[in-house]
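Student: Please work from the sequences and hints to get the whole structure.
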Amino acid sequence: MRKAVIGAGVALAVLAGAWLGAESLASRRVAAMIAADPGLEAATVRPLRDPRAMGVEVTGLDFRDPALGISLPWARLSLRPLSPLTARLDLPDRGTILQGGDSLELGLARSDARLSLSPLNRMAPDRLDLQAEGLTLDGQPLVEGLSLQARLVSLDAAAPEGAQAAYDLQLSLAGLQTGALARIGLDPGPLPGPIAVEGPMRLWLDRSPSVTGDTAPQLVGWQTPGLSLQAGEIGLRIIGRLSRDAQGRAEGQLALYSSDADAMIGLAAGLGLIPAQGQLLLRAGLSQLARAPMDASLAGPDFPEPAEGELRLPIVMRDGQLMLGGMAIGPAPPL
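Residue 1280 in this note's numbering is what sits at position 174 of the sequence shown, and the numbering runs on without skipping anything.
Since the hints were made in silico from the structure, they are not lab data.
A hint or two may mislead.
As the list claims (entries may be wrong) - Label-pair ranges, simulated between beta-carbon atoms: (1) 1381 to 1411: 23 to 31 angstroms; (2) 1414 to 1209: 45 to 53 angstroms; (3) 1415 to 1205: 41 to 49 angstroms; (4) 1156 to 1215: 20 to 28 angstroms; (5) 1166 to 1416: 49 to 57 angstroms; (6) 1292 to 1416: 13 to 21 angstroms; (7) 1276 to 1381: 29 to 37 angstroms; (8) 1412 to 1296: 42 to 50 angstroms; (9) 1166 to 1411: 19 to 27 angstroms; (10) 1142 to 1190: 23 to 31 angstroms; (11) 1180 to 1288: 50 to 58 angstroms; (12) 1166 to 1293: 36 to 44 angstroms; (13) 1180 to 1381: 42 to 50 angstroms.
Ideal Cβ positions, reconstructed from N, Cα and C, are used throughout, including at glycine.
Tutor: The following block contains the structure:
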């Protein structure tokens, strides 16, 4: 009995030492990563030393970019013993945004961010859950709510050429204030606010992202069976698929659905889905263009017929050109 108790004590001591050693190693690696990035600074990087979780705490974290800077008093990244492959990020309820010499207070009422890794896939993220509520800028609303779930999925025969990884996303964004965006240098263009976005989407990447790698993956393409966008009083639904061609331009087919034709055209131009010079052409011949069939030869989701009182506008991007009703009206946008 005495030997068993001693053995258990030794085992616990070894586990505790390994736990503390892993935290120290992790904090040194995080500190080295921050030091190697000219856009990041931190006052301290230290082990969390919390018996409930293994992790790292960073204080005085600054992200610097010529366009935008963010400062946080602290951030904590941790793993729980019962889920060692799922990381949790804890953030403070206050931070600072630096833009154009101005300092703006960033507020966050609630956040929850968790990331799971796949050890059999080069430690690629296989699950992301992000929730945020009550983002403010100098006390004024910025975002009412954000929910994002991402899941690593298997590639299938429908994946575009060059795709090596795929993620299914479920996005919900509510109450994004365009005026607040403009204050931090993110010009929303002609989009009225507030903005809301909701729906599923699949992303294809040219490689699997990995926490152990130093090369970020590039977007190869995306597809959605129905992404709803609300900008002020304007509603728009997007269905379609785009992939990157050999010249880096978008290739594929989209359909825009809306009951407000004129507003739909302006919103599509604001999103960069059609060139600004194409708006006059669209308004002149919209009724005819809206009757154009979808191109069945192009890969993508099913395109339902428009509902009563709704218009469907097909947009085709092929050979570097953006086409409406079979007529090229400008270059396809880059992807």
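Student: Could you tell me which of the hints above the structure violates, numbers in ascending order?
Tutor: 6, 8, 9, 11, 12
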